[in-house]
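To convert, take the position in the sequence shown, counting from 1, and add 1; that gives our numbering.
Some hints could be false.
[To be verified] As a list, the in silico SDA-like pairs of lysine to any residue whose alpha-carbon atoms are at most 20 Å apart:
hint, residue 1, residue 2
1, K36, P129
2, K102, S119
3, K102, T170
4, K6, L172
5, K36, T201
Rather than coming from a laboratory, the hints here were simulated on the basis of the structure. Since the model is a prediction, treat every value here as computed from it, not as a measurement.
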Amino acid sequence: MNTKKITTVGMLCAMAVIVNLMIHFPVIPSVSFLKYDPKDIIIVIGGFIFGPLISLIMSAITSVLEIVYRGGTILDVLMNMISTCTFAMIAAYFYKKMHTKMGAVIGLSLGLAACTISMIIWNYVIDPIYFQMPRSAVVAMLPAIALFNIIKCGLNMAVTLFLYKPIVTILRNTNLVEKHDETSSVSRDILVLASFILVTAVVLILSFQQII
């Protein structure tokens with residue numbers, strides 16, 4: 002990577018760490034060990050700009066840093082990276098192949114589906130080891146695990162659709178991203194879709210937290 006690209010990726014990693022520190026909370030009480038954080042938004046944006054490999058690199062950096070300031074084990078890093086990479090790399094890969102607004106939506110949707118399925122599988126495998134619990138107890142939690150990942154990825158998908166254009170524009174104006182890396186303006190129908198997903202995810206989270 003050239004110096005400009007390294008600088009930009011470093012800045013995006015720093016942004017991901019900061020939002021992870023600022024926003025980190027459980028969503029569904031029955032699986033309170035699963036906590037929402039918005040760092041995947043920044044990692045997806047990095048992948049949209051530079052490709053899926055950058056999403057992998059950013060995921061590795063932020064996952065390792067997270068156990069430094071929040072604690073954890075190598076299994077936490079593994080699960081964190083699997084979740085983030087499945088969502089972000091698939092979204093970035095598809096967007097690279099179909100570099101349009103619809104490509105972004107389809108890529109993020111595929112990332113959501115793949116992340117949800119992969120985390121069901123990996124929680125089924127890892128949780129009995131990590132939490133020292135019978136596998137039957139993990140099976141009982143799988144619907145809640147699936148719902149958590151749908152809500153988390155749906156929220157991240159919606160916010161990504163809102164923030165990608167402004168962030169890329171700022172990076173372009175500071176000469177950190179080339180003009181050809183910029184996507185076209187976000188159309189109103191995409192913003193309506195993002196708004197619907199965002200509101201739905203927020204309502205579900207508030208309901209689970211018994212705020213509404």
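Numbers of unmet hints, in rising order: Violated: hint 2 alone.
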